[in-house]
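Start from the sequences, fold in the hints, and give me the full structure.
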Amino acid sequence: MEALDALLTRVSVPRLHDPAPDEAQRQQLFRAALRAPDHGQLRPWRFLTIEGVARERLGELFAQAVSAHGNVKPDMLTKARAMPLRAPLLVAVIAAPKTHFKVPESEQILSAGCAAHAIVLGAHALGLGAIWRSGELSHDPIVKAGLGVGAQEQIVGFIYLGSVEGERRTPPELDPADFVTAWQG
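Numbering (this note's numbering), first residue to last: 24 to 208.
Keep in mind the hints are simulated off the structure, nothing from the lab.
Note that the structure is predicted; figures quoted are calculated from it, not measured.
Not one of these hints is a red herring.
Pair by pair, the computed Cβ-Cβ distance ranges are:
id, residue 1, residue 2, range
1, Glu159, Leu71, 15 to 25 angstroms
2, His123, Asp98, 39 to 49 angstroms
3, Gln87, Ser129, 28 to 38 angstroms
4, Ala174, Gly208, 36 to 46 angstroms
5, Trp206, His40, 40 to 50 angstroms
6, Thr193, Gly173, 37 to 47 angstroms
All C-beta atoms in this analysis are idealised placements derived from N, C-alpha and C, irrespective of residue type, glycine included.
Here's what the structure looks like:
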């Protein structure tokens with residue numbers, strides 16, 4: 024797939040199934056992620072792959088985090104446990120900012136976000152399905168601790184990867200004129 028075609032046709036794919044990306048595909052996805060814009064070449068990111076029974080363990084971690092907030096209904100715990108089972112492979116994208124005199128932390132977090140986008144876009148280019156999910160659990164201290172995410176780090180999101188179930192939807196056409204204006208100074 025040509026790069027511009029991939030950019031113009033990528034959509035989130037919420038229904039994913041086996042097989043997960045194979046080792047060669049994973050290497051391509053991570054190589055793409057490592058090409059993210061990176062002021063200062065700090066490499067302010069890292070990745071955790073979660074598959075097999077580890078997805079069930081992540082579901083238990085999600086349920087533990089949900090339980091910690093109190094007043095929890097059983098269906099909320101069931102939903103939390105099932106979340107990681109929606110794809111055969113998850114990649115936790117973690118922003119790991121470095122102290123640097125010239126590159127602020129905010130730029131480094133954006134760089135990690137670009138790495139996440141490269142994984143999603145690369146998956147689409149390879150014919151795989153992907154969806155970037157975040158939400159409250161991405162920022163929950165119990166989830167962060169359970170995944171070994173340091174105090175100075177943050178989870179940018181979880182990339183769910185697998186084979187596309189059904190037909191890939193067509194993205195809506197958006198008019199750039201609705202979003203772009205010329206600044207006149």
